[in-house]
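**Q** Next come the chains, spelled out residue by residue.
2 protein chains.
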Amino acid sequence: MDRRQQKTRQAIFQAFGSLLERKNFGDITVQEIIDEANVGRSTFYTHFETKDELLKAMCTEIFQHVFSENLKQESNHDFSHAGHDFEKEITHVLYHLQENRKNLRGLFSCESGDIFMGYLKDYLREMFLPQIDGLHCRAPADYVLNHAVCSFSETVKWWIVGHEQYSPEQVAEFFMECVSYSRFS
Amino acid sequence: MDRRQQKTRQAIFQAFGSLLERKNFGDITVQEIIDEANVGRSTFYTHFETKDELLKAMCTEIFQHVFSENLKQESNHDFSHAGHDFEKEITHVLYHLQENRKNLRGLFSCESGDIFMGYLKDYLREMFLPQIDGLHCRAPADYVLNHAVCSFSETVKWWIVGHEQYSPEQVAEFFMECVSYSRFS
DNA sequence: TCATTACAAAACACTTTGTCCAGTATCTAT
DNA sequence: ATAGATACTGGACAAAGTGTTTTGTAATGA
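These protein sequence lines map, in sequence, to chains X and D.
The first sequence begins at 1047 in this note's numbering and counts up one residue at a time.
The second sequence begins at 1047 in this note's numbering and counts up one residue at a time.
To be clear, the hints were calculated from the coordinates, so they are not data collected in a lab.
Errors might be hidden in some of the hints.
All copies of an identical chain are treated as equivalent in the list; a pair is satisfied when it fits inside any one copy or across any two copies.
As a list, the in silico BS3-like pairs of lysine-lysine whose alpha-carbon atoms are at most 25 Å apart [said to hold, decoys possible]:
#	residue 1	residue 2
1	1053	1148
2	1069	1134
3	1102	1053
4	1102	1148
5	1134	1148
6	1053	1134
7	1134	1097
Could you put together the complete structure from these sequences and hints?
**A** Okay, here's the thing in structure tokens:
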């Protein structure tokens, strides 16, 4: 890949991330992004079709970094005996997320949070599915999975945006204490 | 209040609600709203400062209807012995939400969901606070309250958008089964 | 070094926004 | 019923943003 492309792409990502810390996604204009990144208007549009595509690309890049190592590792684990390994797995994800917290804060707050959370949930769904599948309870599996995914993603948001004094281990413990399906058998 | 104002306000609300069923909040233009509502451009701006204010006003109106009766009733209850009354309270709210499901579907899906969820959470926070306050657990009350509010609001979303085959009682049961703080003592 | 590719800068038509005004219809109070 | 206040219409308006296109320049890789 051309070095020029890499440099431009990085500049746009960084400018966008910086802007996200200051203002809402919806209030950010393409003009502001290219001013901040110091690239031409047409250059932006050769890289990204729209502003939403830029956000999407940024989310993908972050999550690939956070979950790539993690998901590989997961496939080697056996979660059928539940409980403790699940907490470890969660802690592991929290550590990875913490590394990216600078960008995450911007992505969580404001409108973009919706889109960002959507992506986070997609990854979490994949991660939680095998864990939830074995449970038997009265609520439909569909619901329990959604509940787990939403509870955890909101936990991450709560942690990243304003409660970073807690360690990943503590947050994982808080989460496990509040959900009962971790002890369904 | 002038009947003309009421009529216009209602027309705009209805047009907006109708549009929300078809497309994202961000993709709806003021032009489309006033075309659908059949009111003049300047009329719109005398009623609502921006498109966001319209959404806000609509949310407020719906929630006042859903929670007004409910919150009054709550203050007469004693929740200190927990558990069952809480489930009843939740069921009650679900019934009220179900009545507004036509509008809610539009408000939940799409970008506006963020804003809408924000308002829903504000009301839920108020409702859950006395319930959560008496619990003692290792997680900070701050976290548990947030967890309850987010879990429940996401449950409502899951229900309204695509799982309306379940009754309010069933949904309340699903929720109570998945959260453990309902049994903290 | 030479063809290729990425970029800058500026101009472009187009859409949306929010404001403003003159004229018309509709309310409320007397 | 009438008068005065108030709400609406319709149109025009500047301002801002979008996405495309073009022409020329600079960097890249073979």
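**Q** All the hints need checking, so say for each whether the structure fits it.
**A** Do the hints match the structure? See the list:
1. 1053 <-> 1148: Answer is within: at 20 Å inside a copy they meet the 25 Å cutoff, but 48 Å across does not.
2. 1069 <-> 1134: neither (35 Å within a copy, 41 Å between copies)
3. 1102 <-> 1053: within (19 Å within a copy, 41 Å between copies)
4. 1102 <-> 1148: within (17 Å within a copy, 30 Å between copies)
5. 1134 <-> 1148: Within one copy only: 24 Å inside, 42 Å across.
6. 1053 <-> 1134: neither (37 Å within a copy, 58 Å between copies)
7. 1134 <-> 1097: neither (36 Å within a copy, 45 Å between copies)
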